[in-house]
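A.B. asks: Chains as they are written, first to last, in our numbering: chain A, 1 to 225; chain B, 1 to 495.
Hints listed in this document are in silico derivations from the structure and should not be mistaken for laboratory results. Glycine residues also receive a C-beta, built at the ideal position from the N, C-alpha and C atoms. Mixed in with the good hints there might be a few duds.
[Stated by the list, open to error] In silico BS3-like cross-links for lysine-lysine, where the CA-CA straight-line distance does not exceed 25 Å:
(1) K32(A) with K216(A)
(2) K10(B) with K123(A)
(3) K336(B) with K314(B)
(4) K123(A) with K195(A)
(5) K10(B) with K118(A)
(6) K195(A) with K86(A)
(7) K485(B) with K73(A)
(8) K86(A) with K32(A)
(9) K336(B) with K68(B)
(10) K223(B) with K437(B)
(11) K115(A) with K10(B)
(12) K485(B) with K18(B)
(13) K115(A) with K69(A)
(14) K86(A) with K485(B)
(15) K485(B) with K10(B)
[What the hints assert, rightly or not] Chain A is nowhere near these chain B residues, computed Cβ spacing over 10 Å in every case:
(16) T28
(17) L86
(18) G139
(19) T182
(20) D198
(21) Y205
(22) I322
(23) T323
(24) S327
(25) Q331
(26) V368
(27) A423
(28) L433
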Amino acid sequence: MPIIQLSNVTKDYALGETLVTALRGVDFSVEKGEFLSIIGPSGSGKTTLLNIIGCIDTASTGSVMISGKEITKMNDRGRTDLRLYKIGFIFQTFNLIAVLDVLENIEFPLLLMNKLSKDEIRKRAQELADAVGLTQYTHHRPSELSGGQRQRVAIARALVTHPDIVLADEPTANLDSQTGATILELMQHLNETQKTTFIFSTHDPEVLQYARRIVKIKDGRIVES
Amino acid sequence: MNIVFRIAWKNLMRHRGKSLVIGSILFTGALIMTVGNAVISGLDAGLAQNFRQRMTGDIVVISTEQLKDNVFFTPMGEPVESINRLGEVLKIVTQNTAVRHALPVAKGMVTVLNEDSEPYFQMLFGVNFDDYFRTFPNGLQLVEGQFPTGTTSGLILSTQSREALFKFANLWPVPVGEGIVTRNLPEGTPPDSVIRRDQMIYMGYSDRNTSLDIIAQVRAVGKYAAFNGLWGFFSLIDIQSYNQCMGYFDEKEPQKIAEKDKELLEHPEQNLDDMLFGDNNDAAAPTQPTPVPTITPDSATSGYNLILVRIDPKQTISETLITLNRSFKAQHLPAKAITWQAALGQVAQMALLMRAVLFGFVMTVFIVAIIVITNTLSLAAMERIAEIGMMRAIGARRRFISWLFIMETGVLSIVFGGAGIIAGTLLVTVLRLLHIKAANNFVELFYGGTTFNPVLSLPDIGLGVLQLIVVTTVSVIYPILIARKISPMDAISRE
Chain A
1 MPIIQLSNVT KDYALGETLV TALRGVDFSV EKGEFLSIIG PSGSGKTTLL
51 NIIGCIDTAS TGSVMISGKE ITKMNDRGRT DLRLYKIGFI FQTFNLIAVL
101 DVLENIEFPL LLMNKLSKDE IRKRAQELAD AVGLTQYTHH RPSELSGGQR
151 QRVAIARALV THPDIVLADE PTANLDSQTG ATILELMQHL NETQKTTFIF
201 STHDPEVLQY ARRIVKIKDG RIVES
Chain B
1 MNIVFRIAWK NLMRHRGKSL VIGSILFTGA LIMTVGNAVI SGLDAGLAQN
51 FRQRMTGDIV VISTEQLKDN VFFTPMGEPV ESINRLGEVL KIVTQNTAVR
101 HALPVAKGMV TVLNEDSEPY FQMLFGVNFD DYFRTFPNGL QLVEGQFPTG
151 TTSGLILSTQ SREALFKFAN LWPVPVGEGI VTRNLPEGTP PDSVIRRDQM
201 IYMGYSDRNT SLDIIAQVRA VGKYAAFNGL WGFFSLIDIQ SYNQCMGYFD
251 EKEPQKIAEK DKELLEHPEQ NLDDMLFGDN NDAAAPTQPT PVPTITPDSA
301 TSGYNLILVR IDPKQTISET LITLNRSFKA QHLPAKAITW QAALGQVAQM
351 ALLMRAVLFG FVMTVFIVAI IVITNTLSLA AMERIAEIGM MRAIGARRRF
401 ISWLFIMETG VLSIVFGGAG IIAGTLLVTV LRLLHIKAAN NFVELFYGGT
451 TFNPVLSLPD IGLGVLQLIV VTTVSVIYPI LIARKISPMD AISRE
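Please construct the entire structure, taking both the sequences and the accompanying hints into account.
C.D. replies: This is how it looks when you write it as structure tokens:
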């Protein structure tokens, strides 16, 4: 059974009085443990597709199944819990909590879950901070970090809950090639060891080298899968 | 909850400017509300102490024939109906377990007769002096003379009444056998410029009876402990003199009719024309004031028109009123019990109005604080769309966002609002220590007494805390509704 199953999904946005169609009947499925990249030109619907899969946005029509659950019929709380427990999201922009330091930002989803002890949370957050190369910056605030460092915090935060699915919108866009490679290797490692499903949108040919499946999207339609 | 508090605290520290704005409003609001509550309590306590414990009692019993409850300050001195079957009414009152004291009072207006001036009107309370001082031990302060006791007849003139007489007729009444006390004269008045009097000639002002002239000797000059400018319109006179003056007699009185009057009464066949219009007409001769008869304690009761009742402080006025009125009704007695406020009429309404104005002021502060804080927090919520939307995207439930706002506002409320309540408490203490005197009757009503004496009891502080909680809670509702509506997409679209 696919971990992600989209059937005839459309998404329309009202832009003033104009209706903009971002997705036009997308049929798309992802099996557990895939390492998949979505590519396409700007405005093709990559981010919209990721947002719908990540339960951040809702489809106008069609069916979206995540881990066997139809999310279009879920209420806000159900979608929120799905985001917390099943999905890790790495945003195009950093989206960190400005008042928390690096470790606290990484810990944040675990604290929301409230299932692990304080020590376990701290240990797991520290391990990920080390993994993304932020050992020396654990007590720095986001404002004290560079763009790349902030992105690494966001990546660590997305991975800390060991989600089933990690969605990443241009994850290495703000990283230097070496850091980008390190991050991708970490993702690949998690994918192989924990069967975590990774879906990321990118323009970067370096990133594409890591992808085992590439989905092309154009004008809101999947043109190659 | 720990992470909520951590984020809330750090947010407050990060946005110190906004925190200070909201904090200042909470501080000022809590301070004003605390002082306002204390002033209202002070007003209540002052009215209770000064009116209830020193003047009116808690409950006033009046005749059922009395149409208006406003019995003390009746318009144009309008007489108050006498209480019939007083003995039985008094028995019901005194047998009520809630009642501590019951003082029958005859309230009425008299004309002050003075050969050198126009007649002048004065209000009198006819009382048994011992009963009066037992009921209101701290009501009157002695200024001159000695308070009469037991069956002594005479008058306790209020300073207010004396000053009014001075202004009207240059009269300066003093207690019998005493001289003019210079320091008590109005400022700049030479003692030899005033007309000294140690007795007053009163003529009762009654719409029912034939009133008589009496001579009342001034026994003392007294000042009411509070509201002298208001309550000072009433002077105290022994009840026997009052009844004589107002023309009330009981069955024992005929024996005291003057011999010459008896003669007239005993010769009904005599030609009345001769008597009234003859050359040797005694009846037409100027009359001398009727001397006050020998006092027979409690012999004359028919002039009583009020019973001032003080109840046990542990009892409630409302419950005692109900039981008294129920008993009167059961015994078919022509009496009814009313509250001291009802008996005071416009004066109590004025005090109530003061209270309402104060309460309104506190409520205005309350509402303004809510509006300003709501506005500031709502703006803060709008400015934090990216942060809140991102938290929601990661998996924070709406409840988490609500708690975040509650925590932030709660911390400000506890820190600044708490400081406001403490500062308000200190300010109230300072205000009490200043002993600010009331400049006039109006301000005295506002103060609830002669000095500004705000009272801050534990329940008042509790009320302040409750008001603070309400302000905080109400203020945060709308901003929370805004914040809860923020979706992850709002954050992304902002970016």
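A.B. asks: Each of the hints needs a verdict: does it hold here or not?
C.D. replies: Okay, the hints, checked on the actual structure:
1. Restraint check for K32(A) and K216(A): the C-alpha separation of about 20 Å stays at or below 25 Å, so the hint holds.
2. Taking the CA atoms of K10(B) and K123(A), the gap is about 23 Å. The hint holds against a cut of 25 Å.
3. For the hint linking K336(B) to K314(B), the alpha-carbon distance of about 22 Å falls within 25 Å, and the restraint holds.
4. Pair hint K123(A) plus K195(A) holds up; C-alpha atoms about 22 Å apart against a cutoff of 25 Å.
5. Restraint check for K10(B) and K118(A): the C-alpha separation of about 19 Å stays at or below 25 Å, so the hint holds.
6. As the CA atoms of K195(A) and K86(A) are separated by approximately 13 Å, the hinted pair is consistent with the 25 Å bound.
7. Note on K485(B) and K73(A): the hinted pairing holds, with a Cα-Cα distance of about 19 Å set against a maximum of 25 Å.
8. At roughly 12 Å between alpha-carbon atoms, K86(A) and K32(A) fall within 25 Å of each other, so this suggested pair holds.
9. For the proposed pair K336(B) and K68(B), the alpha carbon gap of about 12 Å is at most 25 Å, so the pair holds.
10. For the suggested pair K223(B) and K437(B), the alpha carbons sit about 16 Å apart, so the restraint of at most 25 Å is met.
11. Restraint check for K115(A) and K10(B): satisfied, since their Cα atoms lie roughly 24 Å apart, inside the 25 Å limit.
12. Taking the CA atoms of K485(B) and K18(B), the gap is near 22 Å; set against the 25 Å cutoff, the hint holds.
13. With a C-alpha separation of about 23 Å, the suggested pair K115(A) and K69(A) falls inside the 25 Å cut-off, and the hint holds.
14. With a CA separation close to 23 Å, the supplied pair K86(A) and K485(B) stays within the 25 Å bound.
15. As the CA atoms of K485(B) and K10(B) are separated by approximately 23 Å, the hinted pair is consistent with the 25 Å bound.
16. For T28(B), the non-interface assignment is confirmed: its Cβ lies about 27 Å from the closest Cβ of chain A, beyond the 10 Å cut-off.
17. Listed as outside the interface, L86(B) is consistent with that label: its C-beta sits roughly 75 Å from the nearest C-beta of chain A, beyond the 10 Å cut-off.
18. For G139(B), the condition that its CB be more than 10 Å from all CB atoms of chain A holds, with the nearest at approximately 65 Å.
19. No Cβ of chain A approaches the Cβ of T182(B) within 10 Å, the least distance being about 77 Å, so the stated non-interface status holds.
20. Every Cβ of chain A is farther than 10 Å from the Cβ of D198(B); the closest lies at roughly 85 Å, confirming the non-interface assignment.
21. With 10 Å as the threshold on Cβ separation, the claim that Y205(B) sits away from chain A holds: the shortest Cβ distance comes to roughly 81 Å.
22. The Cβ of I322(B) lies farther than 10 Å from every Cβ of chain A, with a closest approach of about 54 Å, so its non-interface assignment holds.
23. The claim that T323(B) lies off the interface holds: its Cβ sits roughly 58 Å from the closest Cβ of chain A, which is beyond the 10 Å cut-off.
24. Residue placement check: S327(B) keeps its beta carbon more than 10 Å from all beta carbons of chain A (closest about 64 Å).
25. At the 10 Å boundary, the C-beta of Q331(B) stays outside the reach of chain A, the nearest C-beta of that chain being 69 Å off.
26. With 10 Å as the threshold on Cβ separation, the claim that V368(B) sits away from chain A holds: the shortest Cβ distance comes to roughly 30 Å.
27. Residue-level check passed: A423(B) sits 30 Å from the nearest beta carbon of chain A, beyond 10 Å.
28. No beta-carbon of chain A is positioned within 10 Å of the beta-carbon of L433(B); the least distance is around 45 Å.
Violation of the numbered hints given earlier is absent; every hint is satisfied by the structure.
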